[in-house]
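Chains as they are written, first to last, in our numbering: chain A, 1 to 249; chain B, 1001 to 1210; chain C, 2001 to 2245.
None of these hints come from the bench; they were simulated from the model.
Do not rely on the hints blindly, as some may be mistaken.
According to the in silico footprint, chain B covers these stretches of chain A (three or more CB under 8 Å from chain B) [stated by the list, open to error]: (1) 35 to 43; (2) 101 to 114.
Capping the alpha-carbon separation at 25 Å, the derived lysine to any residue pairs in SDA-like fashion look like this [stated by the list, open to error]: (3) B:Lys1061 to B:Ser1010; (4) C:Lys2078 to B:Phe1015; (5) C:Lys2078 to C:Ile2233; (6) A:Lys248 to C:Ala2138; (7) B:Lys1061 to A:Asn52.
Small disclaimer: the values here were computed from a predicted structure and weren't measured.
Just so it is clear, CB atoms sit at the ideal spot from N, CA and C, and this is done for glycine as well.
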Amino acid sequence: MKDLILRYAARLYYWKNLNNNIGKINSYMNSKAFALYLKDFRSELRTRYAVNSLAMFIIVAISVILFSIGNEKIPESLTGGLFWVVIFFSAMSGLARAFVSEEERGTSLTLQLIASPSTVFTGKLLFNLILVFLMNIVIAILYSALFEEFVIRSFALFLLTFVLSNIGLAVSSTIIAAIISKAGSKGTLYPVLSFPILLPLILTSVELTSNCMLGTTFDESKVLLAVILCYDVIMLTASYMLFDFIWKD
Amino acid sequence: MSDYILKADSVAKNFGRRLIFRGINFEFSENGVYGISGPNGSGKSTLVKIIAGLSSPSEGKITHIHNNNEIISEKLHNYIGFVSPYLVLYEEFSAWENLEFFAHIRDVTFNKGKIETLLNDFLLYERRDDLVKTYSSGMKQRMKFIFALMHSPNLVILDEPTSNLDEEGKNTVYKIVEREGKENIVIVASNERSDLALCGETILLEKFKQ
Amino acid sequence: MKNFDIIWKTFLFLLLAFVSVAGIAFPIVENPVHWYQFPMIRGLEENAKIIFFHVPTAWLTVIAFLMSTIYSIKYLRKKNLDDDAKSYAAAQLGMVFCILATVTGSIWSKFAWGAYWSWDPRQTSIFALLLIYGAWFALRSSIESEDKRASLSAVYSIIAFVTVPFFIFVMPRIMLGLHPGSEEIVDGKVVQSASPVIDFKMNGNMLLIFFLSLAAFTILYFWMWKLGYKSLIYKDKIQKQISRG
């Protein structure tokens, strides 16, 4: 009996330690990257560049589509595709700023001097992740309000798709933003470089969104969700490994 | 004998296929002020960036050793203080906010006393809560020194340290350089005679052109 | 050395000539009797011969992309600009073959499936590859500094390469498509296709011509690639000599 209690206590102690250490590693990595994210967030609050222009872009994009459709009725499947079109172009409008603003003002050098490349990438990724989620929630709300054909029947599936796709979108957009920040003609180049990389994600997300609108079960969409998860993991790994080469001269 | 050693082994740099310098070898193991001199375009800023780990050499390597352990490049940034004409601070924040941010992202404690002393040394204490946007070029240059020294680095690298500074600013810088040189390794890259007068061993870059 | 060059170049010429003649001229009959006759495939008939040219171009564009990425990785490790030139030469050829593959593919698609383009997953992938090549060249032309140009395009090429498996293996398996290996509609339901990804409905001598064609085009590619990167390296060196004066 005593033996059992001892063994159980040892196991408990081991897990507690493990969790503590993971927490420590997480907080070590995150506090520096989080500091960078906070700096960007505060800068945004002060100047409001990104939020204003991004919000306007979303409104303009959706308005353009609404006006082009006029009074026509569009098939349901089309609304799913258009949803991701709006998301893609809004992302292209707002996510490059994370790196381009640093490069244009010359503060890239400052960041190189105070943080390791992985900290910088994590910080910028965090900022873009939050931006993507905020942006897409707004788009989703506006879209479902303005397009009556856009009806989600499997809400849980949509939520899962939403979360996984947004992560993938943020990761790919951030690494491409890092690349174009060091090149010329940054604005036009960004969608050109991002689209082929995002294509697997967009195609799968559009397919999943139509599934959500048709009310397909989770079981049938398992494979598609797995594809997006793979995409997220692969892009995240590749980005961290390659960021050093982009960042350092 | 310093607890920090900086070594360069056969360092060379090419931009594309154009040679900037080659065959740079040195070992700085004593505290003091070292110089890098050369005419404009000789590669002073390039060499200094390579030493600070901001750029990779085309050949050879730079080694940083602290307490007999080699420092890996991911950790290097907290051992080095860097001032350069290309350095820019965050203009939408005040000096104090800039310094707080630097401390947090470097993950070093924000030593309030030391920061205030530095601000006083460089005559920026009164303006510490003003946005850096409102600073003159001389004040921005002095801010860069505070940025470089706030985390007590073992290696201080100064590229054109007295640019944009008036007589008083220059004297402050020389005083600080001498003080730092007693406890750390300081490298001054410049072609100003008064800057180089502080230096002991000096690398003359025009000799490494071929 | 020179003699050996002439030998293998002549061999290549003969091989390509044979393949072109065989690919185009050999008749397709119902029941092949002679060695130079090919079997008939319902619905395709004469047009089946395009397989000798379409598949090699698609194959080569992927090989070229792979090589471009390999030399990109080499560049990132050693920072030797020659590797960058090799990567660029491979990408140039890759782009050419990609355009050829898209064009021959859409011609074949018109005869086999009725439309020039139907957004089948394989068609989408070759189009995506075209976009990747285009983006890569656009990126390169926007960077002045040689080192930066080489490193950034190397990174992009590796990132793009990482997404390629999604196009080649994953998408066809999970989406409706016309190429063999995609999902099909059988009795009104969508099922995983039973046929393998590459379906060989060819008999012995057709297969032989097919593989010969593949080999010939591959050798041609390597020859053009070698010429390409060597001329890039020489051009670079000459320009440097001139500017140095």
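Each hint tested on the structure:
Counting residues of the segment 35 to 43 of chain A whose CB falls under 8 Å from any CB of chain B gives 6; the rule of at least 3 is met. Under a criterion of three residues with beta carbons nearer than 8 Å to beta carbons of chain B, the stated coverage of the segment 101 to 114 of chain A is upheld, 8 such residues being counted. Proposed proximity of lysine 1061 of chain B and serine 1010 of chain B is supported: the alpha carbons are some 7 Å apart, at most 25 Å. Restraint check for lysine 2078 of chain C and phenylalanine 1015 of chain B: the C-alpha separation of about 14 Å stays at or below 25 Å, so the hint holds.
For the proposed pair lysine 2078 of chain C and isoleucine 2233 of chain C, the alpha carbon gap of about 17 Å is at most 25 Å, so the pair holds. Between the alpha carbons of lysine 248 of chain A and alanine 2138 of chain C the distance comes to roughly 22 Å, so the proposed pair stays at or under 25 Å and holds. For the hint linking lysine 1061 of chain B to asparagine 52 of chain A, the alpha-carbon distance of about 47 Å lies beyond 25 Å, and the restraint is violated.
Hint check: a violation occurs at hint 7 only; the rest are consistent with the structure.
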